[in-house]
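Participant: Which chain is which? The protein sequence lines are A, B, C, D and E, in order.
First residue of the first sequence? That's 1 in our numbering, and the numbers climb one at a time after it.
First residue of the second sequence? That's 1001 in our numbering, and the numbers climb one at a time after it.
First residue of the third sequence? That's 2001 in our numbering, and the numbers climb one at a time after it.
First residue of the fourth sequence? That's 3001 in our numbering, and the numbers climb one at a time after it.
First residue of the fifth sequence? That's 4001 in our numbering, and the numbers climb one at a time after it.
Keep in mind that the hints were calculated from the coordinates and are not lab data.
Any given hint might turn out to be false.
Derived lysine-lysine pairs resembling BS3-like cross-links, with alpha carbons at most 30 Å apart [as the list claims (entries may be wrong)]:
id, chain 1, residue 1, chain 2, residue 2
1, D, Lys3060, C, Lys2271
2, D, Lys3453, D, Lys3097
3, D, Lys3453, D, Lys3470
4, E, Lys4090, D, Lys3097
5, C, Lys2048, B, Lys1067
6, B, Lys1067, C, Lys2185
7, D, Lys3060, C, Lys2048
8, C, Lys2240, E, Lys4090
9, D, Lys3453, D, Lys3362
10, C, Lys2185, B, Lys1042
11, C, Lys2271, C, Lys2240
12, C, Lys2271, B, Lys1067
13, B, Lys1042, A, Lys25
14, D, Lys3097, D, Lys3362
15, C, Lys2240, C, Lys2185
16, D, Lys3097, C, Lys2240
17, B, Lys1095, A, Lys25
Here chain C is said to cover these stretches of chain D; the calculated rule only asks that three of the stretch's residues, wherever they fall, bring their Cβ under 8 Å from a Cβ of chain C [what the hints assert, rightly or not]:
id, segment
18, 3011-3023
19, 3046-3057
20, 3100-3109
21, 3113-3120
22, 3132-3139
23, 3146-3154
24, 3195-3209
C-beta atoms are modelled at their ideal positions from N, C-alpha and C, and glycine is treated no differently.
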Amino acid sequence: MNTFFLGMALFLVLNILAGLWRVLKGPKQADRMVAAQLFGTTGVASLLLLAQALESPFIRNAALLFALLTVMAVLAFVRNTSYGVVEDNNDEHL
Amino acid sequence: MMSIYEILSILFCLIGGFFFLAGTLGLIRFPDTYCRLHALTKADNLGLGFIVIGLIFVSGSVPEVIKLSLIWFLALVGSSSACYFIGNHIHLLSKVRENRNGPDI
Amino acid sequence: MGLIFDLIIGLSLAGVAWRIVRVREHFQAIVLFITFGLLLSLAWTRLKSPDIAIAEAAVGAGLAGVLLMDALGTLSSTRNQPLPGRFLQLFIPCLFLAGLMAYTILFIPADFQGLGPMVSEALPDTHLEYPVTAVLLDFRGYDTWLELGVLLVAVLGVLCVRQAGTIKGSMLPAPAEPVGRWIIKLLLPLMVLIGGYLLWLGAFAPGGAFQAGVVLASGGVMLWQAGHPSLALLHHVWWKILMISGFVFFLILASSSLLYNQQFMTHPEAKMWILGVEYAATLSIAICLISLVLASPARNQGDQRARKTES
Amino acid sequence: MPELLILVPFTGALLCFLFPGHIRDVIGLLCAVLTFVASIILTGNIYQNGPIRLNLGGWKEPLGIGMCVDGLSVLFIFLTGIVGLLVSLYSVSFFSKANNQSLAKHFWPLWLFLWGSLNSIFFVSDIFNAYVVMELISISAAALAALSGTNASLIAALRYFLLAMAGSMAFLLGVGFLYAQTGTLDMYLLGAVTDGGPLMAMALGLMTVGLIMKTALFPFHFWLPPAHGEAPAPVSAVLSALVIKGSFYLLLRIWCTVFQDTTASPQTATLLGLLGLTGVIWGSYQAIIQNRLKLIIAYSSVGQVGYLFLLFPLVFITLDPAWKIEAWTACVFQTISHGLAKAALFLAAGNLIHATGTENLKSMRNIADRLPMTTFTLALAGVSLMGLPPSGGFVAKWMLLQSILASGQWWLAAAPILGGLLTAAYIFRILSQAFVSDDQISCCGHVSFVMEKSALLLAIFSILIGFRSKEVIFLLSEQVYFVIQGGIIP
Amino acid sequence: MTTLLIYAFTSIILFSIGLFGLVSHPNLIRKIVSLNIMGGGAFLFLISLAYHGRSPDIDPVPQAMVLTGIVVTISATAFALCLTRRIREKTGQCLLEHCPDKPET
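Start from the sequences and build out the full structure, keeping to the hints where you can.
Facilitator: Here is the structure:
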């Protein structure tokens, strides 16, 4: 049973790795941010599964914090880029 | 021998995993940012939801269930608002760009 | 299965780190760094160190990302900078160093013991239940004191660099859209609640002052991001007092241990002491971290630039 | 007593942070005097009663953190006490000048924090604790280096800080390697471990590199001249006289207690000596060709730090034990006398710059007429740096030369001889400018009494220390926790 | 043992990559990020040791050390970023190259 949960967690980690492709590719900053947000949720799920697999319930608190705090980076991103920088990074796509 | 709860748990976790896979594929394959946002919110939160339900089946106590559901709820709030912010951001950016390029075109 | 998991985590950590270092675009590097934090957190989990995983989650997902994003936001153009051409010249020594250290690692004794057994032996004397908290607050309390000092000195340093007397970062304009305000209203009480929960947990389980402090700090930062004026309402004297409270608590403890002519840094054997030190440390960690994020010199400039673009 | 040396500056720093205005000066000065008195008493105590060890929180090593006070640490404490007191006096006057007033509120808390953390690094006996203290020192030193707020000082401060952080990270990894081999963090228990495997060697390498980066040994010296040259005068004095000594002290501790006979290899020691030699020559040469007064003094620090590293080939390559002790004493003596002389030089340079309003050596004319006291200070400190009798520098270099000759490592003799000549060259270059009279530049600003006298006192101490060499040698050879040949006394 | 080796190797690689980034990248923000990677490597090494210990519980001393280290690193990072911004504000770039002081108006 625990092996199954560990395998599921591994599967989710592989998902994150696949999603990294979008971070590398872009093209916009917003795309990268979307990917980061997706990783946040996937990471939460993966931590929950690990907590079950390794039988250490306090890992759930780490998952809780991830769920609570990932939105902050997005907020910082939006607030900083909306005010000062209006340009996007890779203008060649426009 | 596995109990019925364990089988249910495995089932739900597999469904959750499927949704995560779908979300990741969407993130990679969808053509523009708005669509990718779509992939993020729908697939991902459903995925987390199913995995949480799956884990609830094997969890021991009521506080654990509450904590798991709280995590799911927070992730829902977090990612939906993040999506809103990002979407709003792209929208604003495109408007700024239109204004700037407007007279030329 | 465990080994495959270890291998994949290790490889992806190395790969992501390499990409962070080599990628040209700064923004991408920062997003990757946030992901790096997530992967590290999984590694801590796998290594059965929930304390570190919780701290990494709080720092990596929240504060580090915000700090780096803020710093990047002040760059008016994030245009790619060419990497220097001295690639091999620098890469080969680093590779050599890595090889040397990797070779050394093979000599780690298989019967390595560490201080673990000794800590669990002495644990009953500390009146604490959780070994990590006991090490942090009792056996190595001096380190924790100085760690609070580092946090405080960092704030002093930031003030010095900014040439400012108080920490009041200028407020961001409040968000026009309702969603931003709504999310603050929803998440902030939860953050305070979870911070308190982690603090309470620290006495007997993974959690404790630092993790709780970071969560509270995240709440404060979020409040500031949303342009809420409540942080500015706090009088700057109170601000300073809260900031130094953790350090002062240890200082008082250390001085009073001199008066009783005991060994330096000994403490009365009471639960109250642990509670007091945890609470003071949490508050001052939270306030110091908020100050570190808020004290951002380019903020005014950014606002001016924003106004220019709007007009 | 050792506790007070940490508690008083920290308390002072907090009070200076809380209170506004001139109360700050009073508090700062009061703490400086108290700390100075405490350091004198502690030094006397150790001189008479020998080394002491405290177990913090009552926990015995390896579980708890210890604090060790022996002859080596009290000498550094004593140096910090004198320099700290006089720099504090100087800065009360320096920061009351109109254009510096706003800096005082940042200077006092940071400086007292720095003082407290320097004191605690001299008591350190736990390697992880050393890492935390080093970070405390780096952050406060970098913030102080950025105090003047000019572009160059900000960049110099950040360069220093990044380097110091990298050094700390290397040190931390070294701590990990040591822990992997031995399972303990206490320096004296580590010293008792006799089998030095590859892990120990790697840890020694990482820690040494991390620390010489912070000490500004030759290939890593590039951060020092801008950081020390751009800061306000009292800050430069502290950075040059004390902060680099903090990491050097730790290096000494680690080589002498942790790794002494097991891991420290002759090749590494020779390499360090070679780097030191190169540093002496390169730093002194650079000092000669500079035109800005403070940069000359800063480059001179690069040169003088080189001397300290001659200790490693002399002590760690087999030699008659008596000469080993001589070499060991010489290098530590050099640290003390350099600290005093360099602080005096920087304070005097601050006076000159304040009076003439320029940093360029060429436009500093007539100062011997106008500021005889400051010129005298420069000359006295210069005498100690060059190593003319009867200064502290002379005693140090004399013993160094003797032990070099006794050890047969002839190539090392180039350092004191060439270094002394080159030092003389730049000191005389400064002094000769001072005596040039130029009728066009006649006006000189006023320099306050305190500023002149505190610099002078430091210079006088740097000469006087030469007369008390017997006590210093006693502290260094008898009252230390380790014997140079190996083994632990108590 | 194998787990220890895998993570210890990873930590060494991370440390070296961080070092490489620190020396090779001209931009200050990137240098600071690289320092954080170096720190991550050092912490990972300590924690892999804690896991390796043969006692049933994980060795708490490296854990406490890493917690302290994380606080120290985040403070140092924040301080360095503040200096970087100040430099950026005054010189207009995020590089360590020396620029002559402009008279402030």
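Participant: For a C-alpha distance cap of 30 Å, please report whether Lys2185 of chain C and Lys1042 of chain B respect it.
Facilitator: 24 Å, holds
Participant: Does Lys3097 of chain D lie within 30 Å of Lys4090 of chain E when you go C-alpha to C-alpha?
Facilitator: Holds, at about 25 Å.
Participant: For the segment 3011-3023 of chain D, does the count of residues with a C-beta closer than 8 Å to a C-beta of chain C reach 3?
Facilitator: Answer holds; 4 residues pass the 8 Å Cβ test.
Participant: Report holds or violated for chain C covering the segment 3146-3154 of chain D, Cβ cut-off 8 Å, minimum 3 residues.
Facilitator: holds (count 4)
Participant: Given the hinted pair Lys2240 of chain C and Lys2185 of chain C, is their Cα-Cα distance within 30 Å?
Facilitator: 26 Å, holds
Participant: Going straight from one Cα to the other, do Lys2271 of chain C and Lys1067 of chain B come out at no more than 30 Å?
Facilitator: With Cα atoms ~28 Å apart, Lys2271 of chain C and Lys1067 of chain B stay inside 30 Å; holds.
Participant: Are the Cα positions of Lys3453 of chain D and Lys3097 of chain D separated by 30 Å at most?
Facilitator: Holds - the C-alpha atoms of Lys3097 of chain D and Lys3453 of chain D are around 17 Å apart, at most 30 Å.
Participant: Hey, Lys2048 of chain C versus Lys1067 of chain B, does the alpha-carbon distance stay inside 30 Å?
Facilitator: Distance of about 20 Å is within 30 Å: holds.
Participant: Taking a Cβ-to-Cβ distance below 8 Å as contact, does the segment 3132-3139 of chain D have at least three residues touching chain C?
Facilitator: Our answer is that it holds, as 5 residues pass the Cβ test (under 8 Å) against chain C, meeting three.
Participant: For Lys2240 of chain C and Lys4090 of chain E, compute the direct alpha-carbon distance and say whether it is at most 30 Å.
Facilitator: With Cα atoms ~28 Å apart, Lys2240 of chain C and Lys4090 of chain E stay inside 30 Å; holds.
Participant: Cut-off 8 Å, C-beta pairs, minimum 3 residues; does the coverage of the segment 3046-3057 of chain D by chain C stand?
Facilitator: holds (count 4)
Participant: Would the hint linking Lys1095 of chain B and Lys25 of chain A be met if the CA-CA limit is 30 Å?
Facilitator: Roughly 24 Å separates the two Cα atoms, so the pair holds.
Hint check: no violations occur; every hint is consistent with the structure.
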